[in-house]
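Protein chains: 2
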Amino acid sequence: MTCASADAIQRHTRRDDAPHSSFHLSTLTRMVLPRHIGFIPDGNRRWAVGNELPKEAGYAHGIEPGLSLFEQCQRLGIEEVSVYGFTQDNTRRPTAQTEHFRSACVAFAQEIVRRGAALLVVGDERSSQFPAELAGYRQRCAGGIKVNFLVNYGWEWDLDGLRTGQLHSEQVSRMELIVRWGGGRRLSGFLPVQSVYADIYVVDELWPDFDPSHLDSALAWFQKQDRTLGG
Amino acid sequence: MTCASADAIQRHTRRDDAPHSSFHLSTLTRMVLPRHIGFIPDGNRRWAVGNELPKEAGYAHGIEPGLSLFEQCQRLGIEEVSVYGFTQDNTRRPTAQTEHFRSACVAFAQEIVRRGAALLVVGDERSSQFPAELAGYRQRCAGGIKVNFLVNYGWEWDLDGLRTGQLHSEQVSRMELIVRWGGGRRLSGFLPVQSVYADIYVVDELWPDFDPSHLDSALAWFQKQDRTLGG
Chain D
0 MTCASADAIQ
10 RHTRRDDAPH
20 SSFHLSTLTR
30 MVLPRHIGFI
40 PDGNRRWAVG
50 NELPKEAGYA
60 HGIEPGLSLF
70 EQCQRLGIEE
80 VSVYGFTQDN
90 TRRPTAQTEH
100 FRSACVAFAQ
110 EIVRRGAALL
120 VVGDERSSQF
130 PAELAGYRQR
140 CAGGIKVNFL
150 VNYGWEWDLD
160 GLRTGQLHSE
170 QVSRMELIVR
180 WGGGRRLSGF
190 LPVQSVYADI
200 YVVDELWPDF
210 DPSHLDSALA
220 WFQKQDRTLG
230 G
Chain U
0 MTCASADAIQ
10 RHTRRDDAPH
20 SSFHLSTLTR
30 MVLPRHIGFI
40 PDGNRRWAVG
50 NELPKEAGYA
60 HGIEPGLSLF
70 EQCQRLGIEE
80 VSVYGFTQDN
90 TRRPTAQTEH
100 FRSACVAFAQ
110 EIVRRGAALL
120 VVGDERSSQF
130 PAELAGYRQR
140 CAGGIKVNFL
150 VNYGWEWDLD
160 GLRTGQLHSE
170 QVSRMELIVR
180 WGGGRRLSGF
190 LPVQSVYADI
200 YVVDELWPDF
210 DPSHLDSALA
220 WFQKQDRTLG
230 G
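Residue numbers (numbering that gives the first Met the number 0), protein chains in the order written: chain D, 0 to 230; chain U, 0 to 230.
Chain D with its partners taken away, still in its complex shape (with noise of 0.2 Å):
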């Protein structure tokens, strides 16, 4: 059986098996989804001003949403996603704000390892910017939707890894779609290799604004979008 009649066979069992979906299930067999997502979660800072709240406190409260953003994906049967965590351009932060947001990518990556995540951080370990609980997912575990979580990641040294041989981003597949939230369009050094041909779907909302309607919408305008991979 190849991969891709496997991915068939799963999405469309798990489809059947999805009566949390925000989609109907008439709609969602109809519907082509996208293999692989990127997520940009940009705006917890400015969500955090917004809220009255200094800067650093926005990075916990972009937890929940990406818990329900991936259960929501778990439901829909989307094979891979990757998730920008922070970069090593982000280390150059005050450190109030660096240990904000890699304590809440620590929490994030082990919830959803709890909730049955085939988890792959991909980022420069070299560093000690580079969370230690995380040592341990630098190969992917055993799991069901597999997710790439960008952590101390960075496009150049990324790329730097073809100089000796591959990719250090070498186990993540290409993207389809990319989801960026907080309205930015542009992709901020976000998998250069693999985003490549992926449609970018941007969500004006900040991060913590997040709601399930989101990626509907981004699904749905997905569909519109001819895919040509260049050709």
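Don't read these hints as lab results, they were simulated from the structure.
As the structure is a computational prediction, the values presented were derived from the model and not from experiment.
Treat the hints with caution; some may be incorrect.
[Claimed, not checked] Okay, the calculated bits of chain U under chain D, using three or more residues with CB under 8 Å as the criterion:
| # | stretch |
| --- | --- |
| 1 | 86 to 95 |
| 2 | 208 to 218 |
[To be verified] Calculated cross-link-like contacts (lysine-lysine; reagent style DSSO-like; alpha-carbon spacing at most 30 Å):
| # | chain 1 | residue 1 | chain 2 | residue 2 |
| --- | --- | --- | --- | --- |
| 3 | D | 223 | U | 223 |
| 4 | U | 54 | D | 223 |
| 5 | U | 223 | D | 54 |
| 6 | D | 223 | D | 145 |
| 7 | U | 145 | U | 223 |
[Stated by the list, open to error] Some chain U residues flagged as far from chain D (calculated, every beta-carbon gap over 10 Å):
| # | residue |
| --- | --- |
| 8 | 125 |
| 9 | 132 |
| 10 | 198 |
All C-beta atoms in this analysis are idealised placements derived from N, C-alpha and C, irrespective of residue type, glycine included.
Go by the hints and put chain U onto chain D.
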């Protein structure tokens, strides 16, 4: 003198010399212009079909818009532009199409050199798909505005350069803004390294329907984006 200050002086001078700019001078002097803009002129074939022409007839209708956009960038004092000509992926299309887009690219390249572009053609010249007429532009020619023209370009070919030394597009600088025509919200393999921090502006009109107001709108939008460069 640093490059940045030379650049500022050059742009200031050019703005004063720009009576034909679509912006009023009073607007321009307040604007932060991107130093380097990427252009993805998509939609030639859809335009041809919509105008009851054979698909391949669309490419010739993309030349005049390209020259118009080039002159607009010259007048604005943009320092560097990158233009998607055609890709190695594109060369898998029917011969009628490949012949037409190759000749359109040659005509465009030769004309912008005549009009003062410092042209650099970036693409895999080892293939018969690379137009012989452009072989002389594999090193940047002297001139004014830098134009990087992607001809028989492939993102994998580009990155493969890293395995033995440097990117094949090493001479192309980072882009701040990318403008894509034809409604597609994706990069389609366009300079993955130089696009990492670029803001992406999408024009729904098809490329042969180019109007200078499209770039004006993109530049006005660009003013409102915060420039974090991943930080």
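Results for each hint:
1. 86 to 95: Holds, because 5 residues of the stretch 86 to 95 of chain U bring their Cβ atoms closer than 8 Å to Cβ atoms of chain D.
2. 208 to 218: violated (count 0)
3. 223/D / 223/U: Measuring from Cα to Cα gives roughly 29 Å; hence the hint holds.
4. 54/U / 223/D: Cα-Cα ~21 Å, so holds.
5. 223/U / 54/D: Satisfied, since the Cα-Cα distance of roughly 21 Å is no more than 30 Å.
6. 223/D / 145/D: holds (25 Å)
7. 145/U / 223/U: holds (25 Å)
8. 125: Consistent with the label, residue 125/U stays out of reach of chain D, its closest Cβ about 19 Å off (over 10 Å).
9. 132: Correct as stated: the minimum Cβ-Cβ distance to chain D is 24 Å, above 10 Å.
10. 198: violated (5 Å)
Against the hints set out earlier in the document, violations occur for numbers 2 and 10.
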